[in-house]
Amino acid sequence: MKKKFILTFSVLTLILALPSCKKYLDINTNPNAAVTVDPKLLFSYAVTSYVDLRASGDLWIPTSLAGQAVMDGFSNPTGWSGGGLDEGEYKIDPLIYGNPWRAYYTSIGNNLKQAIKIAESATPKNNNAAAQCKVILALVYYELTTLYGDVPYTEAFNSDIAYPHFDPQQKVLLGVVATLDEALAQFDPASTVKISDYDLFYKGDIAKWKRLATSLKLRTLMTMVDKDPTQAAKIGAMINAGGLVASAADNFQVPFQDIQNKKNPKYFISEQFNGKQNFFFASKWVTNYLDPVNDPRLPKLFDLPAGQTHYIGIEQGADGDDAINPRVSTSLQTATEPETIFDYQDELFYEAEIYARGIGVAVDIVKANLLYKQAVLESCKFYGVATATATAFSASLPTYIATDLIYNIQYQHWVDLTDRGIDAFTQWRRSGPEGSEIPALTIPIGAPANGLFRRYEYPITNEINQNPNAPKAVVHYYEKQWFDL
Amino acid sequence: MKKLLLVSLCFLVLCVTQVFAQNRTVTGTVTAKDDGLPIPGVTVKIKGASVGVPTDVNGKFSISAPENATLVFSFISYVTQEVSVSGRSVINVTLAQDNKQLTEVVVTALGISRETKSLGYSVAVVKGSEITKSRETNVVQALAGKIAGVNITQSSGTLGGGSKIVIRGATSLSSDVQPIFVIDGLIIDNSAQQLATSNSAVPQGVASIDFGNRAGDINSDDVESISVLKGAAAAALYGTLAKNGAIIITTKRGKKNGPGTIEFNSTTRFDNVLLLPKFQNEYAQGNQGTYNIANTNGWGPKISEVQDKTFPNFLGQNVKLQAYPDNIKNFFKTGHTDINSVAFSGGGESGDYRFGYTNTIQTGIIEQEKLNKNAVSFNSGKTILPGFDVRTTVNYVRTVTDGLPTQSSNFPNVLSTAVYAIPRTVDIGLLKDNYVDATGQQNTLTPARNGNNPYWLLYNNKSGAVNNRIYGNAILSYKVAPWLTLSNNIGTDIYNEYRKAVTRPGTIGALTGNFFTANIYERIINDDFLATFNHKITSDLDMKFIAGTSVYETYYQRDQEDAQTLTVDKLYNFANAAAVTTTNTSNKKRIQGVYGDLTLSYKDFLYLEATGRNDWSSTLPKSHNSYFYPSVSAGFVFTDVLPKSTWLNYGKLRASYADVGGDTNPYALDFVYTPASSVFAQYGAGSTFPFNGLLGFTGPSTIPGLDKLVSQNQNSTEFGVDLRFLNDRITLDADLYKNTTKNQILSLPLPQSTGYAAKVINAGSLTNKGLEVTLGFVPVKIPSFNWNIQFRYSGNINTVSLPAEIKQVTVQSGYSGLTVKAENGKSIGLYGVAWVRDGNGHIVIDPATGLRKTITDQRLGGISPDYTGGITNTFNYKGLTLAFTVDIRKGGVLFSNTVSTLRTNGLSEETALNRGKIFVDPGVVASGTTFIPNTVPVQSMQDYWGQYSAGNTEANTFDASYVKLREAALSYTFPSSIYKRYANFIKGLSIGVEGRNLWLIHSNVPYIDPEVNFFGSGSAGSGVEFNSMPSTRSIGFNVRLTL
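The listed protein sequences derive, respectively, from chains A and B. The numbers in the numbering used here rise by one with no breaks, and the one at position 265 of the first sequence is 265. The numbers in the numbering used here rise by one with no breaks, and the one at position 909 of the second sequence is 909.
Mixed in with the good hints, there may be bad ones.
Computed list of lysine-lysine pairs in BS3-like fashion (alpha-carbon distance at most 30 angstroms, straight line) [what the hints assert, rightly or not]:
#1 A/K472 - B/K302
#2 B/K570 - B/K536
#3 B/K127 - B/K622
#4 A/K472 - B/K622
#5 B/K382 - A/K480
#6 B/K622 - A/K117
#7 A/K125 - A/K3
#8 A/K171 - A/K227
#9 B/K432 - B/K320
#10 B/K544 - B/K432
#11 A/K91 - B/K127
#12 A/K472 - B/K588
#13 A/K3 - B/K302
#14 B/K278 - A/K3
#15 B/K329 - A/K276
#16 A/K208 - A/K171
#17 A/K3 - B/K708
#18 A/K117 - B/K500
#19 A/K472 - B/K320
#20 B/K479 - A/K91
#21 A/K171 - B/K807
#22 B/K769 - B/K807
#23 A/K276 - B/K853
#24 B/K500 - A/K23
#25 A/K117 - B/K759
#26 B/K570 - A/K23
#27 A/K91 - B/K302
#28 B/K759 - B/K781
#29 B/K769 - A/K4
#30 B/K917 - A/K91
#31 A/K381 - A/K203
#32 B/K479 - A/K4
#33 A/K472 - A/K91
#34 A/K4 - B/K708
#35 B/K536 - A/K23
#36 A/K276 - B/K370
#37 B/K759 - A/K171
#38 B/K382 - A/K3
#39 B/K708 - A/K23
#40 B/K781 - B/K536
Quick caveat, the hints were computed from the structure, so don't treat them as lab data.
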């Protein structure tokens, strides 16, 4: 008995105590992740992050409120403020400054960088996928710099550089142009190797991608040209060369779905926090411009309170009165509202401005007026105005001479962007030197007297505190960026 | 362990029984003072005689003695007692344990019992009886204030919440700072699993709810003793896992040949809030002096100035404003805990058994908060064949929690902001009675987007968990020869935890409702095989050698489901949700080890121990996954070689050096792409995949270590003395240590502009140098009265060393510009936004606003204390014991978001000052190149206190020093004469009153207990409080009965 016991004990112990060393330890492969993936899977993650960010409480709400495209309704309990100071009065939580930075650099930017790397090292080389990713990457750089000013660019996205230096905005914007040029050179319309089913924008239509990239390049140069007039020649050349976004079919947008957790974040917050009532009030800067001419976009943009005949927007920080002041339309900000990044009327407004101002081309008021009216027509159609009504309205617009024309192009361009916070914010800042921007915004009621909102402050937790090469002095929200005259 | 020793010695003594012919037979029972149980094997002899008689298994003795004789009762590790017979024929004696007994045996690494005297390193021992007195439900928390060099902080006042234990300072710049827990040789899991309960990518710190750390499952009633192995030398045999020290727990056993006993222990405890903020009671809610129902703050009109008007309340009624000074106080209730345990134990010739059951029922200081724990334990040993012993332990613990509060921020169910921000004019009773309207829908506190009624949250949106855990082991040992013993200890620890958090439709922030579930499965398997050789080299020199192998595996798996938009109200079924997002993850890690331990002892006063261990870890690159580390220690009882001294009765020196290797987490090497379930968008609006029918994958946020990673290394040296003066009236135990963790495996946080959040590298070192002193006095010692004072001091200096290319390491990121960071040459500190100061330290004011200027990324102080200390006074008078402990912490800083919330919302007392008056902040303004006193007033006090928002770290950072009455206990052990008539039935009875966390005597942090730590127990970060539930004061009553 004793021997049996001891023998069994010894054998069992040896089995337990001395398993085959090599194989036993060879378990360090993550069973829940893949070592290689198709670049389209990273592209779709980056794009979904990107459109969610643009429509979110980290980007759309703060840029729209601080940029006065929509109003918080201050003491109205179901307005965004709910009685307290918020983004409209420039009270912005540091997390909100930090989240877009994180999204642009990590979840969007770095996944695009990885996708480019995989696409370019694939056999056959997936040039189109790499170029598609580069276009989005250029948008990332463009939005990063127009939001934060000087940002890491040349040393960013490099796993060997722990502390990237910040590059001047001009360099970053030139980098945006260079990235788009690189993409344009890399697109290979003849090739079927591309992101197609996973392309939520164009389903792999490379011709559309090329027109978009060209237009985005033009937009970038237009953002730079007032500070750096040497870009005018390039603008002129591009206008003459063409190949720009040419119709509403080229609109660069991603739809949301009417399924829980796939809804547009603008709608989601009203659904989850406000009983589906829209939080935001019409901006007087929009209604004061549109209401006198009875613009057909008004009922598309805002819900008019019962019994009211005029759209009376409010000032930022003023109390929104639901009996008088319209809110942003719940038929505009629906669950499925697509996030638009660039559209045809955007392109037309830029072209109108180029001819009206003679940027790299000779001033052509007639052409500019035509483009202007066409842009307004496209804008009306975009917001759901019936084609006939839109056509009649745009035809009814006055034909302007030089100064008024530029003013109205800029104003209409800003109004058209009213639902695209960050784009409206950048358009406003480039619309004129300080004090002459269009519209002539005023400091919100209740906001500090330091000045108008002109940038996101740097994220402290995730960048400034982590990066010894980052600027340590606070760059305040009211300080101008390089492109902002 | 001591009792085991006692039992074995009993046999020896039995063999030498002799009978003396005397003229009177004296009989009686010898019992132990601590548990009232009879002690077998006590030597009873007549003073002056050379031999005596032993007590039997029931502690009974019978001896013939002269009527005027003095009987001497002696037993190992008990204080010898002399009793004069004085003509009596029955003498019952109670022996007290001698805590300073030189032959005290402690359990060290791998369950090896060693005489304290022989150790070359310090081991602190806490007896089970000490931790069951005050009955903290978490064993870790029960150790607070008991051991020098051991620092314990609580994550929150949540029932079953986490407690973090750090021994001799944090040794890691990453998350790995906790010691291992070993129960009867089995390494158990002590993780604090944090999961995001909302669709958000930013769970920084404790994600929403404090579910505690799993060491909290250990049932303190089953604990015989806890050895705390503080230094690397002590824990060297555990290898990699014990680089932060080890908590070695030995559970209770039955006594071999002991009587069958039944022990009852019953505690009723009451908890209430230790500290509530001081509120202002003058101002209503609103903005800049104007009433607004939508504001949850105190910036409205002065209540006394608007008595001629009425305003709408949360029910829409127009009422006159009135302050409710106790509204927050009345929100909290008295928590109640009942702990009842019963244990059966005993043993026969060849074996022993103990079966224990403990039930804990707890309710919290907020309504609906509950914890229910049932613990069953079984521990039995059996000699199967001569020399062949088997011991089995099985423990089953089921813990159920419900109604746990949600903490931190940015989530609709966060309770403490919802409570502390209630305006002064809100009647909490009215709020409670009317949390729903006639249709059952929420009556919100305000109509705004942050206005949830806290009672709606309490009654509807409950979070809880069910944890089922089994752990146990089987130890087989076989004494092959007198000089060789083989043993094998195999054990496993398995638990499954199901978490569920529901949010009812109608909750602002989640109006369509949602719920979240998670299943966590964790398993540890551990096997140690040991061969122990004993050899007497010469008559003075003993040798012991242990050779062993170890296999350790840990497996973790988690499945998580997030259901959104519920159709039928209050039905938390996945099929009732419009969308369900599921995620799953798992990981596995293995370590194999081979080790040896050589002990030499010379004449029982000089001891030398050397160990070596080699580990192979699955987590390191195959090319360098093997690492060896040695330790050596020595103990020298110098009083044994010196001439006997009247003032120094014992003196020992000890010294040790150890080197411990360390590995990393599983899967930290490969660059992989993970399928994503969702993307992030603020306010929980992120889209889930498939999005528009498409999947999404994402690269890692951390750059993996690839094949470059090597093991990290910690070496430590320790010198100690153990001195006892004047026959133990004064005792001094002191240690000086230095430990350095080099080549740390770090997840080095990177600025996000790199595209990553972190990078796994080997870099940096962290040194902890410190001094621990425990000083004991016995100022009064007379037969029936005893006064003991114990002072504890532990000072630790923590220094970071980083290579030039790494400027800093973020240990933990907080919210709003706050980070816990390490910089070269400094201690780990708190960094964040600070006030700008001139050369003389005056705060610089912006003349445009009258408000203070700020600057980012400034060091605000170290997070660790410079020193901690404590004083325990114990008074014994007959069966009565009174003890109290005062704890002191000096140094370190604490950031409090609760303070920020109270101030920015104009609710705390100080915010009522100067309102409506001209207030000039006494700072300076720049005037050319110099600074002149500020004369610019602030625009309003609301603006002034607005500067104390969470984004201004310095504004809410305080010196974390405190003095606290940690514990006070009064207990009484009834003399056996009281229940003499039932002596066959009752063997012991004691009662007690105990209080914990009783009084914050001194603190520099307003409104909160400074002893909190928002970051979970698994993090190296501390020094931050973020809307935690307030901690509690508890008072308990205890009855212990032994049958």
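Which constraints among the numbered hints does this structure fail? Numbers only, ascending. 1, 2, 3, 4, 5, 7, 10, 11, 12, 13, 14, 15, 17, 18, 19, 20, 23, 24, 26, 28, 29, 34, 35, 36, 40
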